[in-house]
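A.B. asks: The primary structure of each chain is shown beneath.
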Amino acid sequence: MVENMKLPLLILIPLLPLLAFVINIFFGKKIGTKAAYVSLTAISVSFVISLYLFFGLIAGVEKTVEYTFEWLNFGSTGVKLGIMLDGLTAVMLVVVTTVSLLVKLYSIGYMHGDPRYSRFYAYLSMFTVAMLGLVLANNFLLLFISWELVGLFSYLLIGFWYEKKSASDAGKKAFITTKVGDLGFFAGLLLLFTVFGTFNFTELGQLVIARLASGSVSVGMLNLIGILIFCGAVGKSAQFPLHVWLPDAMEGPTPVSALIHAATMVAAGVYLVARTFFIYVEAPIAMSVVAYTGAFTAIFAASMALVAYDIKRVLAFSTVSQLGYMVMALGVGGYTAGMFHLTTHAFFKALLFLGAGSVIHGSGTQDIREMGGLGKKMKITMVTFLIACLSISGVPGFSGYFSKEEVLSAAYNSGNLFIYWIGTVTAFMTAFYMFRLFFMTFTGKPRTEIHAHESPKTMTVPLMVLAVLSIVAGGLFVMGHSFEKLVYFGAEGAGEGGAEAGSHFVRNMSITAAVLGITLAFFMYYLKKVSPEYLALKLAPVHKLLSNRYYIDELYEIIFIKPAKGLGNFLFKFDQKVVDGAVNGSGFMTVLMSKLQNLFDKVIVDGAVNGAGWIANKGGELLKQLQTGLVQNYILIAVSGLFIIVLIRIIFR
Amino acid sequence: MPILTLITFLPLLGAILILFAPKGKDNLVRWTSAVVTFLTMVLGFYVFFTFNRNTADLQFVERAAWIPSFGISYFMGLDGLSMAMLVLTPFLSFLAAVYSFNIKERVKEYFFFFLLLEAGMIGVFVALDFFLFYIFWELTLVPMYFLIGIWGGPRKEYAAIKFFLYTLFGSVVMLLGILALYLTSPITAANPTHTFDIIELSKSHGLMPGWHQYLVYAALFLGFAVKVPIFPFHTWLPDAHVEAPTAVSVILAGVLLKMGTYGLLRISYTILPEAAKYFAIPLLILAFINIVYGAFVAMAQKDLKKMIAYSSVNHMGYCLLGIAAMSTVGLNGAILQMVTHGIITGALFFLVGVIYDRAHTRDIEGFGGLMNKMPVYSAIMILTCLGSLGLPGLAGFVSEFMCFSGAFSSTINTNVFRIFTGLSIAGLVITAAYFLIMIQKVFMGPLNPKWKDLPDMTAREYVSIVPLIVLMVLLGILPVIASGISVKSVDALVMLLGVKI
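If you're matching them up, the sequences are chains A and B in order.
Numbering of the first sequence is given in our numbering, commencing with residue 1 and proceeding in unit increments.
Numbering of the second sequence is given in our numbering, commencing with residue 654 and proceeding in unit increments.
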């Protein structure tokens, strides 16, 4: 392809949805339901371009490119922003545009009749723009900007039905919780910029190696930067301990959950670590933090999925768990494996969410205890949902099988068997809770009076497309190592090497875990040989702990939220009583002082003056008495005076 | 053409013109003010576009002997430190004047004081002679006092007097500092008298002995600290803001506070570089307190306007952070932050005014569900709040990023700076929290039936607010249009400070 055509093409990918956003936000009222077609047209073209570039890269026709422009000027230095296209970006472009396209198609039916229909499409489009910007960025700053913007649209979409308090609460919680992670990310960026003086990924990749070799940057510094940046990923990808927002985020419309909280935004954290892998491979401690956080999150979230009854919450915990899987893969050096799982997961998890949406749309409830037997009335939904369940459980042949096996192989090959076993146990749990969900929803007899119906075509077609992708995506990518051609970090990744490098042991164990999990669910929820209620009763404390999500929300309420609010109120009181008190106090003192002075002036100073006058006056009056005008009196006084003087002289001689 | 004189005295001329308006011709007064402030704004933009960004030299200089026997001259000029504020001040003044069309009582006096205030503010940013500077500085006080005291809310007298006395106290101490500088300026054969010339003083005082610099710095600092305001001298601000009429709040937050930070840069930093370096760490800590303390106290507010007022304390903290850093990025960031805070918080105060004019309450708890009733207003308000909490893509992010980045890489004392900058970042979460809590309570949830008849924004309000929103978005996406203005002057300042880069 002609080189000077590539930049316009690349820019067009986010620009078209941006255009759709502008049209829908400003003319949404006028065009009404046509808003959907505006968004759909835009994303379709973006999708085709992405696909074109993607296959071009696979075929080796296209090359990695970068474009930059000046954004900020500090004088001698400045910050440049830019976009790039490489294998990693191309994969993400395809994932994002595919899911986005299907979700927008699906929403035509799902959001039908919503009073804010055009607004919904505007937000979805703008979310897509930000997400595309995030994966196109060739530097940390543009990535961070897009990162915050996807967070904003996630906030707006979670709280889309803001009349409901739980929805607006969930949006707020998502924004603030991820913001906590972003503080670390932001600090990491500042540190990175201070140390290396650039945000550009390519330059940083070279600088890290060069500075490390010359000794001007220490491994400790890289560890710190790596961990700080990872904080951002912990927030966005809902890793422990910042996972709390994702289950609540299910308050948003289901298509939103599929697009943002399953396939794209939550995967951004994983993408971030992959994109900046050049830091992590040189930072062993940061790498371990990544690995253990991921592994712990994977099993921890899976355990909560075992007992949840809300269909979307089960999927949310599952998403957290699978994200943990990806993060774990990166942490053990499985760069390709992590990104591979991200890709397959995007398809089957979006399918699961859209399927759940179809179930909710058709049955009017989210509680799986009220469902049962829906499969008869919702055939397409059931079959596609089953495919997704098989895929996520890691049944051979389905896409999830390939990627999960690569993740486990990477863990196994890295030599960290502890993490490997956590991964395998999680795989078992995943298979179990997914089929628990499946059986409770679609099989058996209806447990309540719900008149379920299959969803319209606009909703089932995306399901079918995603079902096909959930089957073939894995196999296609494994064939001819096409995925590794695009997404490959290099020999530095310790766990690198793909599925065949792992032993048969890994493969067999992974299949065993899946089969065991499915079988157990089959016995408990299909054949009902084992009563879940009985188990729950037997293990009441554990069940309670899991159902209450380990009381982490309550814990955060006590140790963060209440103290923060309390501190705010306390400081405000302090401000009023002490700081302003001092001001008002000094004002009061001044007034008091002036009053006292006034008093002093009146009583003492004026008193003295008046007193002097009074004394003179009275003295005069008194002396006046002496002036009698009689000579004999005067002589008497004179003689008396003389007498007194003589007397004094005699006494004091 | 003496453009700086023109731009400074045009509002004053307008003020005098208004005095001649016949009684009862309120609309004539309003339109005269609008035209005058508009022309001043056009001049401001003209200067902005003809300003040469590639030099640190003073531009548009005007100089005339005034009282030679005391070394006082009429000296005006512009450089990268003041350019941004010179364009922002008339811009905000015009928007505020348009917004003030809703003033019904004593219209003539209101606009007289308003224009007087504008003249004073512009004068502060262009004056380069201390005597002149001080006159303009004090000139802003009096009209502000009346504007709050006459057209303010229920506790207007208290707020006005508090504002007046507090800032007067600050400026009197500042005057002592100025006199100290004046009296210690060298007398040579070429300069037979002491001088009030700020540029001249910056050449001679860098070499003053340390303790002398520290003392004078402290005196000047008090004057500026009250204006910014820096903790613990900030308590006049919430009272003044809550009581002031909307347009005056906008001016107060948008321009008056920046006189403090501008003073720090223009006077304290250029004349007393040694002291500035000596006090960098204390300033850093105060910046940190402003950020975190301001954010926490803002979170505790029930009154919308008071919340925004405390958010100003919070946001001026970012500005101080950049100033304390003394690095190129930090200082450029601080100057940009002055502008972006002026735009964003200015817009927020307008927006609070919009809702107060309709509902006659600002109690955050008393609203709910306004999004459905006033969609345009809600969208604009939420967007502006997002700008204020530093959302990337909007102007606030750029300057906050620069301030943080500058402070983080400060070479004054790297570790201390990194620790306090790192701690200050925590303020960002609190800022996000209080804005989101407010948005939820006011705009989301079911509509409070009390407000079922609230109309959306009017044309007058659009004229005042939309330009700010446009600028907020534009600067957020393409900050390069503004960030280059201060570069050369900041480079020169950093050289003068002699901070190792």
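In case anyone wonders, no lab produced these hints; they're calculated from the structure.
Treat the hints with care, as some may be off.
To be verified - Over the 12 Å line for every Cβ pair with chain A, so calculated as not near, a few chain B residues: (1) Met654; (2) Leu818; (3) Gly983; (4) Asp1010; (5) Ile1035; (6) Thr1074; (7) Gln1093; (8) Tyr1115; (9) Asp1144.
As the list claims (entries may be wrong) - Per the computed footprint, the stretches of chain A lying under chain B, defined by three or more beta-carbons under 8 Å from a beta-carbon of chain B, are: (10) 558 to 571; (11) 579 to 593.
For glycine and all other residues, C-beta sits at the position ideal for the given N, C-alpha and C.
A.B. asks: Now, for every hint given, state plainly whether the structure supports it.
C.D. replies: Cross-check of the supplied hints:
1. The beta carbon of Met654/B sits about 30 Å from the closest Cβ of chain A, which is more than 12 Å, so the claim that it is off the interface holds.
2. A beta-carbon of chain A is positioned within 12 Å of the beta-carbon of Leu818/B; the least distance is around 7 Å.
3. Not every Cβ of chain A is farther than 12 Å from the Cβ of Gly983/B; the closest lies at roughly 10 Å, contradicting the non-interface assignment.
4. Every CB of chain A is more than 12 Å from the CB of Asp1010/B (nearest about 25 Å), matching its label as outside the interface.
5. Chain A draws Ile1035/B into its interface by the beta-carbon criterion, the shortest separation being 9 Å against a cut-off of 12 Å.
6. Distance to chain A contradicts Thr1074/B as a non-interface residue, since its nearest Cβ pair spans about 7 Å, not more than 12 Å.
7. The non-interface label for Gln1093/B is inconsistent with chain A: the shortest C-beta to C-beta separation is roughly 5 Å, within 12 Å.
8. Non-interface status of Tyr1115/B relative to chain A is upheld: no Cβ of that chain comes within 12 Å, the nearest being about 15 Å off.
9. Not every beta carbon of chain A lies more than 12 Å from that of Asp1144/B, the smallest distance being close to 5 Å; the non-interface claim is violated.
10. Only residues whose C-beta sits within less than 8 Å of a C-beta in chain B count toward coverage, and the segment 558 to 571 of chain A has 6 of them, enough to reach three; the restraint holds.
11. Only residues whose beta carbon comes within less than 8 Å of a beta carbon in chain B count, and the segment 579 to 593 of chain A has 5; three or more means the coverage holds.
Violated hints, listed in ascending order, are 2, 3, 5, 6, 7 and 9; each of the other numbered hints is respected by the structure.
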